[in-house]
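Protein chains in written order, with this note's numbering: chain A, 1 to 298; chain B, 1 to 298; chain C, 1 to 298; chain D, 1 to 298.
Some clues are possibly wrong.
Remember, identical chains collapse to one label, so a pair may be satisfied in a single copy or spanning two.
With a cut-off of at most 16 Å between alpha-carbon atoms, the simulated EDC-like pairs for lysine to aspartate or glutamate come out as follows [as the list claims (entries may be wrong)]: (1) 297 - 275; (2) 194 - 233; (3) 111 - 78; (4) 298 - 233; (5) 194 - 254; (6) 231 - 200; (7) 236 - 274; (8) 194 - 276.
If you are wondering where the hints come from, they were derived from the structure by calculation, not from laboratory data.
Number of protein chains: 4
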Amino acid sequence: MKIGMIGLGKMGYNLVMNLKDHGHDVVAYDVNEESVAKITAEGVDGVSSIEQLVERLEAPRIVWLMVPAGKPVDDVLETLVPRLSAGDIVIEGGNSHYKESLRRHKHLKEKGVYFLDCGTSGGVEGARYGVCTMIGGDPEAWEIVEPLFRDISVEHGYHFAGQPGAGHFLKMVHNGIEYGMMQAIAEGFEVLHKSEFDFDYEKVARVWGHGSVIRSWLMDLTERAFSKDPKLESIKGVMHSSGEGKWTVETALDLQVATPVIAMSLLMRYRSLEEDTFHGKVVAALRNEFGGHAVVKK
Amino acid sequence: MKIGMIGLGKMGYNLVMNLKDHGHDVVAYDVNEESVAKITAEGVDGVSSIEQLVERLEAPRIVWLMVPAGKPVDDVLETLVPRLSAGDIVIEGGNSHYKESLRRHKHLKEKGVYFLDCGTSGGVEGARYGVCTMIGGDPEAWEIVEPLFRDISVEHGYHFAGQPGAGHFLKMVHNGIEYGMMQAIAEGFEVLHKSEFDFDYEKVARVWGHGSVIRSWLMDLTERAFSKDPKLESIKGVMHSSGEGKWTVETALDLQVATPVIAMSLLMRYRSLEEDTFHGKVVAALRNEFGGHAVVKK
Amino acid sequence: MKIGMIGLGKMGYNLVMNLKDHGHDVVAYDVNEESVAKITAEGVDGVSSIEQLVERLEAPRIVWLMVPAGKPVDDVLETLVPRLSAGDIVIEGGNSHYKESLRRHKHLKEKGVYFLDCGTSGGVEGARYGVCTMIGGDPEAWEIVEPLFRDISVEHGYHFAGQPGAGHFLKMVHNGIEYGMMQAIAEGFEVLHKSEFDFDYEKVARVWGHGSVIRSWLMDLTERAFSKDPKLESIKGVMHSSGEGKWTVETALDLQVATPVIAMSLLMRYRSLEEDTFHGKVVAALRNEFGGHAVVKK
Amino acid sequence: MKIGMIGLGKMGYNLVMNLKDHGHDVVAYDVNEESVAKITAEGVDGVSSIEQLVERLEAPRIVWLMVPAGKPVDDVLETLVPRLSAGDIVIEGGNSHYKESLRRHKHLKEKGVYFLDCGTSGGVEGARYGVCTMIGGDPEAWEIVEPLFRDISVEHGYHFAGQPGAGHFLKMVHNGIEYGMMQAIAEGFEVLHKSEFDFDYEKVARVWGHGSVIRSWLMDLTERAFSKDPKLESIKGVMHSSGEGKWTVETALDLQVATPVIAMSLLMRYRSLEEDTFHGKVVAALRNEFGGHAVVKK
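Given the sequences, and given the hints that come with them, work out the whole structure.
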């Protein structure tokens, strides 16, 4: 099948290679000319503009966007959509908020262009050798592109959820769960770390990753991380976040769902961004006021 | 190798069958005569008392206890230990608190008997076909029994942590992590459930279990649970707990480790044990007092 | 001073009476004619339309809005503002989101009308006998109206924070703190309730309200609530919420501030809205899958 | 009334002065001779041993212990109790765990000596000018000492809860609530601190302390703390804790009561004890493993 890919970052590049491995004919574009040159060297049809990309495809055109969420997606769509025809299909594979996808779906529908929102998981390795995707949008469009997803996914690794926005919604919640799982694993290792025992964390992660109830890819990755740095002494515990965890909590608040574990995972990430806190100062000052307890001076 | 097994519940029974499959010679005992009869019918050497079990073994004897944590373990040890000789080995495979194991290790050491504390994971299936174990205790004893563990475990599925108590400590923390992971998954599905979308939870669990970052045995089990009851309409959301999660939180408090996710997982279990709460009444009454907000009458 | 009041609900009505007690001349309007009639019977100048209200005031007019947050405020402003002149002052005393107040401030400023956002606390009693307010907006307008606030407030009970939106921001955070305090008190009483002791909650609330570190108006109200219903047996623990707690958490997420206590207070309110949960079912089903633990059937 | 006081720290010293102000005749002892000398200079009957203290009192003797919880209490009791007679009364006013008080009550009862467990709140100022106490123990003993409590307490500021251990249980839960309230207030100020507004925290604390729903002694103390250091720039946000908050959470776990707010308050205190965390490192390492997200190097 012929498909256009816009965005050749870590994920997009590997998806193209994955598609190519499965015999698909990819026209690839990125604002970064080096990325285009690099993938052209791999035998992919790299182009230097969105216009060119559209010209190389035949109706119904399939264009996969793998660009950062937010403005970049809208910028690409602004250039792309006027060049598409009714019946063409846009797959948006970034980490977009599902409400953005609902808006875009509606907007493209007015022009007769199909919009599939596609949450993508599995990391960079997954993109290359077996991706995991959750897709929302119109069934007519899905029928056309399903073979692509069958090829590039790990077995059972794609799911068409049948409603616009549902793909990015599933990805958002997936990431919320991911935050909770990661924090749970991390807290466990901190308990080990502060305990009276002297554990080999790599070996602990290995045994927990084999046959236990908590075996998981995240535990395998934990093992891998400790194999490189047994006590993680080279890094700081600063936990950045990229949005979906926050969106999950915000959505939960809107739906009045109690999600304490996902919420606390997120809040601990924020907490990790600073070495000292204002709330800590207030509590310390209060303890001093009522009980004369000593404060730690700066 | 010859080994005695005391306790033929779900876990013990399956461990015996697992040992037997690997050519080990098991002498099996349980207070429940039916269990003994049942396993004898499978060709295992069932006995009717701990005394008899000890007699059938040769020094250095290896006796595996798979009985409920707490008093049952002490009761068995009270009968068993006086009949053992220096150099014999007791493996305690239940969900005991690691401090109990430290106490027992010390007590048996005085009599020259080795005590290995062994945390066991992987559920009933694991016990039967490939268990996951974390073991603490004396290296001399471990050297003798390691071949047993190699045989009955899933690959990479056992770890000798090298200090008395370390096995049960690892199992305790494993379960703490398990609580957090389960609650994270469960919260995610509740967000789906309350959302504007109409998801097929079994299919969602399947795609999340294949190729995603959150793929895990727990996600596979989630898929399995939804395959039996698509909306879990037949059951109530009452979340019981069996101790290790609580111990993990208590230990974290003693070590002054912040474990918000594990703690909240535990607290939500307690919350689930009741339909209404006293704290809810107090808040509702207060809102009524200061703002005249309506309360829900019983 | 002459002032118009739009909105004669619980809060607005009592504020008018409070203003009247302090010699101010109030023109009062509400969509509900009965409220207008009732307050007219108290000797207040009740009017039957916003147009009429504006006509009775002299420039610079001062109009206080005490209507529900959201659309009602915008609806009133739509009718009111075109009838106002440059230099007139609108005080918006409802529980509005501070971003709405920023928008309205900007909008009215274009017409030369001052907009003061005013967070109001202290409950119905406070409105009547000594209110607590936090005000944002332009200092020129504040200078004019400060005497009004001095009269109707409890001592030290008003604060002009000096920037548009700051009043409603302070009120929002005030309510976030309120959620946390209420939940803390409520959790404490639940611990008492489940304990081995047989406490008299009214007396406990009384002693905690007198001389202790946690003495507070909320503790006084707790005493009052228990004086009416010693074990709160007549009500259910359903904890509704009216928005500001949620806004506080959302704002904290936007600012990347860890607010675990305020967040958990909010989530426990959501949790209280249902007797059973979907996340509970998922956890119960999982425990059954891996450990064969019994589930509670519906 | 004549009473012996053992322990002349911040609390004990001020309680003696408070008792003296109300005409009571206090015999005072402390291991620290300087404290005894200092209070003797105030006209109090300071003694140099527990033996001497007992000799100066007449049956039924009333001895108040105001020494640190734990071993110091047991040490004093070991010396004191053999010198007491049936019918004498020991008041233990420290921050002891209620289970210790139950044990001590039982132990003293065997000798016919009454033991009243007395939780003390209100800080150092309270001890001096109007204390708040919660008392457990035998009603016969309470009847004798109630006049003392009436004198030294703020109005409504003492409560006899009627069962051994109940006094210290109430104090424990009081402190749990205190943790939650303090953290709620502190989180609110952190939201202000990170916001787009430029607040004067002292003035905010003042307005919140006058007429608002969250007015409380803790808010008054917050105002006082900000009056000394407007942005708390001189101190670090290290939040120590002295036990009762932890005991409250442990007790809640034993009673299976969900206390998320009190628990999170405690965990944030532990979190504040370190600048970096091991769990943060694990999460950061995992994000790097699956998504190639950059870590912060040390």
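Against the structure, the hints:
no.	hint	verdict
1	297 - 275	both (15 Å within a copy, 15 Å between copies)
2	194 - 233	within (15 Å within a copy, 31 Å between copies)
3	111 - 78	within (13 Å within a copy, 36 Å between copies)
4	298 - 233	between (26 Å within a copy, 8 Å between copies)
5	194 - 254	between (38 Å within a copy, 10 Å between copies)
6	231 - 200	within (9 Å within a copy, 41 Å between copies)
7	236 - 274	both (11 Å within a copy, 12 Å between copies)
8	194 - 276	between (21 Å within a copy, 13 Å between copies)
No hint from the list above goes unmet by this structure.
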